[in-house]
Amino acid sequence: MRRRVFLSIFGILSCLMVMAEARFPKPDFTSGYEYPNISHGVPMEQFWNVLDIVLLVGMMSLVVWAAYKKRSRAVIYSTSLVSVGYFGFFRSGCVCSVGSLQNVTLALTDSDYHLPWYVLLIFLLPIVFALLFGRVFCSGVCPLGALQELVNVRNFRLSRAVSSALTTIPWIYLAFTILYAATRSQFLVCRLDPFIGIFRLGGDLGMIVFGVILLIMSVFIGRPFCQFLCPYGAVLSVFSSLSWKKMEITQKSCINCALCDKSCPVDAIHQPQSSKTKESRSTGVRRIVLMSILLPLFTIACGILLRQNSDALSRAHKDVYLYELVMAQQNNPDMDECLEVETFNAMGGNIDELKAKVEKVREDYAFYATLAGCLMGFVIGFKLLKWSLKRSRKTYEIDSARCTMCGKCFNYCPQNLTKK
Amino acid sequence: MNMDKDKLKSPMDRRNFLRTCGSLLAGGVALATGGILATKMKGEEGDVFWQIDPFACTQCGRCETDCVLPVSAVKCFHANKVCGYCDLCGGYYRPSVKDLNTAAENQMCPTGAIQRKFVEEPYFEYTIDENLCNGCGKCVKGCTSFGNGSLFLQVQQDLCQQCNECQIARVCPSDAIKRVSYKDAYKLKDHA
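Residue numbers (the working numbering), protein chains in the order written: chain Y, 105 to 524; chain V, 106 to 297.
Calculated directly from the structure, the hints in this document are not laboratory data. Only a predicted model underlies this, so the values are computations on that prediction, with no experimental measurement involved. Even for Gly, the Cβ is constructed at its ideal location relative to N, Cα and C. Treat the hints with care, as some may be off.
[Stated by the list, open to error] Below, simulated SDA-like cross-link-like pairs (lysine to any residue); rule was C-alpha separation at most 20 Å, straight line: (1) Y:Lys461 - V:Ala274; (2) V:Lys145 - Y:Asp214; (3) V:Lys288 - Y:Lys461.
[Unchecked claim] Covered by chain V, per the in silico footprint, the following chain Y stretches (three or more residues, Cβ under 8 Å): (4) 140-146; (5) 190-201; (6) 219-227; (7) 283-297; (8) 441-448.
Pulled out of the complex, with its shape left as it was, chain Y reads as follows (with noise of 0.2 Å):
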């Protein structure tokens, strides 16, 4: 009876839910009982981290004497295979060179955050190599390009037009992931990483079907994370169309057969074109002006556009969207009270301090969607300014901007397989 009566103020009890310590004193043990020495597992030491570098480095090393001296796809596949079952599978692909984007913005922008030295070193090394000797992170380093690259067995190619189009998303993407980790709101990229789920064999439901679509899309088409979403190939292209040294297709002079431009799953050569072109001069100086004039209205207005939506995109932010919810709840009494709101008010949370918290964050969304806005805009400007310039080429070159590095057309090439 008197566990009956105990059990039902308990019940009581544990409703109200308060916080208490101690309410039973510590228990005096005759039998000489001691208390158990409970060790729990240390996480993972730095020893990974550093093995993390010197594999990145050390892979990234081998590509680029894979591409540029042994001119060998080969080894830039086993190196793709390598890193799957390294960077992806061993290491949950956590933390990648494309989610460090985010922690480097973090750092650039809240002083009070701390950049560990290996997510430095792993944002900073795929840079410079790309600055020395393209993209060769993406080739076969990073686990997210290696696993599309293992998948990818035919090439329906998009059309020309298509597929430079869709290059702009990656910098709109690049923009949404600077805005929402400078504002601290979430890390986008580690969100909508479409590979992770696979890696860790579990995860967001969600994530791995579009994982798992895109990775079917990959065995047909070339790359498509790559070519059409990844945020940090889209950095890295800029360092790499002015890199150092740039790959060729061929040591020897190029006979114009068009192999390797059916080869290259990603779009990256150009084709040859003929300087005689049929418009005239004055057209041609007429649309790159109006272009040079294009670019800086479209970064204004891009960015005026994201600044006047910035109240709506800060909704991604905790606070903000607490305080919409406290609000709603306010307006509105009868309204069941979600878990957010229940635990604000039970911690006796103080509506004008979150109130002020969301201001603050507000007036940083109204700065860093302007920032976001204009480097969306000024990518549509800088693009549509490229595609306006036409060069003379008179034989099959590649675009170091979009070519991976992935080999493919070194064994296309008839000029590579004739002996000397």
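Starting from the known structure of chain Y, fit chain V onto it as the hints suggest.
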């Protein structure tokens, strides 16, 4: 002379010049970013390991459902030195149990991860089997509201993937999940 002029005017040269300028600019940007970022690495080690502040945790149950792992890396920990060793444990028994015995339907834990062992009259020792625990926090809620609060949820570091952004931290209503550094890898209750 004439040839020299032609050579100077050739578009390749201008293009190469622009490219070199671009390369130098890109190199400069990379160097500058690296330099600025290097100054941000103050201190010896970064805070990279996720931990729950057990005193801020409200046991909402999202740790069980939102972790990226199939079974959450959040487990129930037990601070024996805080525990009252009660016979009638709020973390072990469900409220309003009819007959007070250790049958499964009377237990708070949905996976039977709490083991109960008789020590001496009237004390019982409770141990968590972490292989069975799914981090739902039901026992923690019971213990915190009725007992000494010796049961608490914590991130098990050898299971945690140390995601760049913890999925549970994103949805935690009381913002209890924060990063800690390696040297204080665990926020425990009985250390105080």
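Status of the hints after comparison with the structure:
Note on lysine 461 (chain Y) and alanine 274 (chain V): the hinted pairing holds, with a Cα-Cα distance of about 19 Å set against a maximum of 20 Å. A C-alpha spacing of about 10 Å is found between lysine 145 (chain V) and aspartate 214 (chain Y), which places the hinted pair at or below 20 Å, so the restraint holds. At roughly 31 Å between alpha-carbon atoms, lysine 288 (chain V) and lysine 461 (chain Y) are farther apart than 20 Å, so this suggested pair is violated. Counting residues of the segment 140-146 of chain Y whose beta-carbon sits less than 8 Å from any beta-carbon of chain V gives 5, enough to reach three: the coverage restraint holds.
Interface restraint, the segment 190-201 of chain Y with chain V: holds (3 residues with C-beta to C-beta distance below 8 Å; minimum three). Look at the segment 219-227 of chain Y against chain V: 6 of its residues bring a Cβ nearer than 8 Å to a Cβ of that chain, three or more, so the hint holds. Taking a C-beta to C-beta cut-off of 8 Å, the segment 283-297 of chain Y contributes 4 residues in contact with chain V, enough for the three needed, and the coverage statement holds. For the segment 441-448 of chain Y, the proposed coverage by chain V is satisfied: 5 residues have a C-beta within less than 8 Å of a C-beta in that chain, meeting the threshold of three.
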